[in-house]
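One-letter residues, chain by chain:
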Amino acid sequence: MYSFTYHRPGSVMEALECYRSADDGLYMAGGQTLIPTLKQRLAAPSDLIDLGAIAELTGVDVAPDRVSIGAFTRHSTVAAHPDIRRVLPVLADLAAQIGDAQVRNMGTMGGSVANSDPAADYPAALVGLGATVHTSSRRIAADEFFQDLFETALTPGELILRIDFPVPRRAAYRKFPNPASRYAIAGVLVAEFDDAVRVGITGAGPCAFRGSALEEALRRRLDPASIDGVEVPDAGFNSDLHASAEYRAQLVRVMARRAVADLLSRGS
Amino acid sequence: MTQTAQIRSETGAGGHGIGASVLRKEDLRFITGAGRYTDDIDLPGQAYAVFLRSPFARARIERIDTDDARAMPGVIAVLTGRDMADDGLGDLPCGWLVKQKDGRDMVAAPHPPLAHTQVNYVGEPYGVVIAATLYDARQAAEAVEVDFTELDPVVDPAHARHSEDIHAGVLGNLAYDWELGDRAATEAALATAAHVTRIELVNNRLIPNAMEPRAAVGAYDPGTGEHTLYTTSQNPHLERLVLSAFVGVAPEHRLRVIAPDVGGGFGSKIFVYPEETAVIWAARKVGRPVKWTAERSESFLADAHGRDHVTHAELGVDADGRFVALKVETTANLGAYLSLFGSSVPTYLYGTLLAGQYRTPNIHVEVHGVYTNTAPVDAYRGAGRPEATYVVERIVETAARELGIDPAELRRRNMIRPDEFPYQTPVALQYDTGNYQASLERALELIDYAGFPARRAAAAARGLRRGIGFSCYIEACGLAPSKLAISLGAGVGLYESGEIRVNPTGSVTVFTGTHSHGQGHETTFAQIVADRFGIGLDDVEVVHGDTGRVEFGLGTYGSRSLSVGGSAISVAADKVIAKGKLIAAHMLETVPGTIEFADGRFGQPGSNQSLSFGEVAFAAYVPANYPDGLEPGLSEKAFYDPANFTFPAGTHIAEVEVDPETGVVEVVAFVAVDDFGRVINPMIVHGQVQGGLAQGIGQALLERCVYDEFGQLRTGSMMDYCLPRADDLPDFTIDTTVTPCTHNPLGAKGCGEAGAIGSPAAIMNAVTDAIGTNDLAMPATPEKVWRALAR
Ligand SMILES: Cc1cc2nc3c(=O)[nH]c(=O)nc-3n(C[C@H](O)[C@H](O)[C@H](O)COP(=O)(O)OP(=O)(O)OC[C@H]3O[C@@H](n4cnc5c(N)ncnc54)[C@H](O)[C@@H]3O)c2cc1C
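Going down the list, the protein sequences come from chains R and L. Oh and the first sequence: position 88 is 88 in my numbering, straight run, nothing missing. Oh and the second sequence: position 305 is 305 in my numbering, straight run, nothing missing.
Note that these hints are calculated values from the structure, not bench results. Don't take each hint at face value.
[To be verified] Some chain R residues near chain L, calculated using beta-carbon distances under 7 Å:
1. Y6
2. T58
3. P179
4. A180
[As the list claims (entries may be wrong)] Sample of chain R residues lacking proximity to chain L, with all beta carbon distances greater than 12 Å (derived):
5. L26
6. P36
7. A43
8. D100
9. D195
10. S212
11. D223
12. D262
13. L264
[Claimed, not checked] Using C-beta positions, here's what the derived DEER-type ranges look like:
14. A460(L) x R66(R): 39 to 47 Å
15. I35(R) x E150(L): 31 to 39 Å
16. A460(L) x A101(R): 31 to 39 Å
17. R787(L) x A225(R): 22 to 30 Å
18. L134(L) x A101(R): 23 to 31 Å
19. G463(L) x D83(R): 30 to 38 Å
20. A225(R) x V202(L): 34 to 42 Å
Glycine included, C-beta positions come from ideal geometry on N, C-alpha and C.
Could you put together the complete structure from these sequences and hints?
Here it is in structure tokens:
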């Protein structure tokens, strides 16, 4: 770690001000991605702005058709939240599959989403459920939010405040974890809405994206078998030590099929 | 993870004596945070070391500019390999000289602790920054400027012999060509065999990852000239010997090496490394204690790695299904330098084990030990024996499939029979005792072999492919005897010391030259002594890991501690009892030959007069009523040099289920039946087996060390290097059979490595059985399995 100036602002206004007056400021939420990066000396912020004391960034608000979650909400909170479990169980299931207990007790939704790690789980939920990201300056639809490897629509200093998820009729998430890191090698969230089926895919590409061909096939018939006929082209897919692009495409198909089967088993 | 514990012992599990599963004495301090590890040691005035490590796999060091770094806050010194060479420090030696097949000595490239002309692997240290704080040291390390000229690295061992020479004078990067066995007879038997099975195998390279990273604190006392080195060592006396006799850091009598609590080693802490060498040297140079604790990423780069073989093997079988010959050719990657025992692992600890449990009459093995621009490779849990077992048990299983013979039956047909011991193998070893059939039959019973077809069908109904795989392993522990090993090139003896000091009040302090870093010696050795003397477990304290307290020792590796170190303690206990009898005879006014010692009392059979152990101890130190001419005191020691290796053996059977859609392998059942000879503490043995199985299953399914074509380590953290976790493992069914070792006083054979030795072949045989192809390399990752199924 290089040395830096530490701030712990009490409000969003103050946090934004901290950022503006810093040479090279960086927000810190749960620190689960950031602190390892700092320790490896891969980042050298002049100022570290800890978001942990800002009440506006916390809180979960559950309505029948919408779940709104503060950016600083820890993964373990989402996983265990009784109202989320009731209204949007897929999100709680997904959160429970992130990392390990220590990571879930520290890591936050805002941090995960802002980071746009290609293997992170939440992005599949944002894209698959059609969430809206509320920031310090605007609202961004999930489809526009994730742009590339570790790249989002956020501008420098822009702070995620909360994320709103529409509630589908039913949904399911299947993840194929990397055996070492337990991040997603491929993760697929399938959600059935009154007027649409959405498929959010993470792990396979540079950032989370929608599986349009899968959506198309599932709109015609919401059944695991519908996926068998769908081509999942692996062009542009990630290929690394752990999985080739071709294998990732296979996993997307298999996870999608299993997610649909899970979803159907939840009744309607 | 729940465990199905099935532990049988000869003597029942009551009390705290031999055969009792008493809880480990050391665990209270470990689990309450009261352990004292090297990093817990802080000395007054201590400074911190950060090493300068090569970013390249192979490069010439043209110039090192330390001026800016030296001027930075807190910096005490910036020392380079040149400074070390100027101080006259020697190279790190390889402790085992292997003779090549043409009679020449192996070619050991010089291994300076800090590189000064060329770096040969990513992470190799070439300098060290010493500063008042760790932060200062790290900042300054970044300010050191180095001009490197990059050279083409040699990364792939299979091509090392046809690449540029890494070390001047080491032609074709060949450290040695070694062979064992009768080549002509083996080739002749293969030529006429009814069937020959051929196999190509890779034994994947592993990175050890002990829980506690390596660390060292060095201090120098200018008043007495004493150097003290605290370090994470499995063998502090050997560390001292190497640092004084070879490297020349300090004379042996002015160098104290202390290995306090050590959090795991698995072999990786046997060796003498550059870092502790530099730390103790620097401490004297800068006049302050110096501490270094590895970061995990340094452990990945610079701890000695394990395994890394490429092998072609052929097994000849006659018309009756009997093995007639085994021929093995292996290229072993030794890394950039020969680590302390790097030369012996793929030779004497590998080739000698290729008979396995079988009566194969003709065996020949040839090993090409090659240098590459990767971290040095040395002993890792099992050290050579997992590699040997993997070859033998994969090829035997493959032969069974090719011949259509049940794999258990083929093994049974070829096993050495209980009445054939001692058994001389064609590859040098003489097995003293064993009953391989007993372990096999017990394992078949525990796995319910007869029920396997039904389990396979049930899995198929769930869309999964179930397979079963065997591994009937043998290993050689407690390397011995010294004379033989030294004649084969070992640079040290292989005996062990044990000392028992009976205190005047009858409590006992035991000193052992072995070292416990997870094995539970403080309990097991105390059990032996408490059992012998008829005293309480708490009345025995076991001391290890300090050259200032323990006279001499060779440390802990190769599952030697109990069979060799425990035997030394047992012999010392005999001497204590013998002396006690002389004292007791005098006190009881009788002749010495009539005294017997049992249940903690010295007495004459048939007489109701007797003395407790404590009473005799007290008399030894307060010699009022005492035999004339007998020295006071009750303290005895022994150096025990075993007559032979011990040969633990057993059968492991794995059952796996493979998901054909994803290639995921789940280990659904695992039976291990091991013969460790006499067991002192079944619970500890059980734990050792479990840990070994976890590592073996890790090797088979999860772990792989990957260097890219530039020699950069691609698996340099836990994010990419997959260690097994509890949820990767099944419930183990563990049992033991017992044929006591015939040549040591405890009848014990050693249990530390068996799990890691037997299990990889069992798993791979099960996976290949499930997917119906033999062509699959470790680790059987999901993608590899999926591709094998798609072929
Ligand atoms: C061992 C381990 C395993 C893991 N496994 C998984 C896994 O399986 N699946 C998974 O999805 N993730 C996994 N993670 C990542 C984990 O979920 C992290 O918590 C997450 O990536 C980052 O969240 P954080 O709150 O820790 O953010 P931080 O690390 O504090 O910050 C991450 C980035 O987000 C920025 N940031 C944080 N909050 C905001 C905000 N409100 N507005 C704008 N920018 C912000 C920071 O400036 C920083 O750039 C794992 C992490 C570890 C250490």
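Structure-based check of all given hints:
1. Because the beta carbon of Y6(R) sits about 15 Å from the nearest beta carbon in chain L, more than 7 Å, this interface hint is broken.
2. Against a cut-off of 7 Å between C-beta atoms, the interface hint on T58(R) is violated, since the closest Cβ of chain L lies about 29 Å away.
3. Proximity of P179(R) to chain L holds as hinted, the smallest CB-CB distance being about 5 Å (cut-off 7 Å).
4. This hint holds: A180(R) has a C-beta 4 Å from the nearest C-beta of chain L, less than the 7 Å allowed.
5. Non-interface status of L26(R) relative to chain L is upheld: no Cβ of that chain comes within 12 Å, the nearest being about 19 Å off.
6. A Cβ of chain L approaches the Cβ of P36(R) within 12 Å, the least distance being about 9 Å, so the stated non-interface status is violated.
7. Separation of A43(R) from chain L is adequate, the least Cβ-Cβ distance of about 15 Å exceeding the 12 Å criterion.
8. The claim that D100(R) lies off the interface is violated: its Cβ sits roughly 9 Å from the closest Cβ of chain L, which falls inside the 12 Å cut-off.
9. Every Cβ of chain L is farther than 12 Å from the Cβ of D195(R); the closest lies at roughly 31 Å, confirming the non-interface assignment.
10. Remark: the non-interface label on S212(R) is consistent with the geometry, its nearest Cβ contact in chain L lying 23 Å away (cut-off 12 Å).
11. At roughly 17 Å from the closest C-beta of chain L, the C-beta of D223(R) stays outside 12 Å, upholding its exclusion from the interface.
12. Distance check for D262(R) against chain L: the nearest CB is about 15 Å away, which clears 12 Å, and the non-interface claim stands.
13. In this structure L264(R) is separated from chain L by more than 12 Å, as the shortest Cβ-Cβ distance comes to about 17 Å.
14. In this structure the hint that A460(L) and R66(R) lie 39 to 47 Å apart at CB holds, the actual value being about 46 Å.
15. Between I35(R) and E150(L) the C-beta distance comes to about 33 Å, which sits within the given range of 31 to 39 Å.
16. About 36 Å separates the C-beta atoms of A460(L) and A101(R), a value consistent with the hinted range of 31 to 39 Å.
17. The hinted window of 22 to 30 Å between R787(L) and A225(R) holds, with their beta carbons roughly 25 Å apart.
18. The given range of 23 to 31 Å is respected by L134(L) and A101(R), whose C-beta atoms sit roughly 29 Å from each other.
19. At roughly 36 Å, the beta-carbon separation of G463(L) and D83(R) lies within the given 30 to 38 Å, and the hint holds.
20. About 39 Å separates the C-beta atoms of A225(R) and V202(L), a value consistent with the hinted range of 34 to 42 Å.
Of the numbered hints listed earlier, those contradicted by the structure are 1, 2, 6 and 8.
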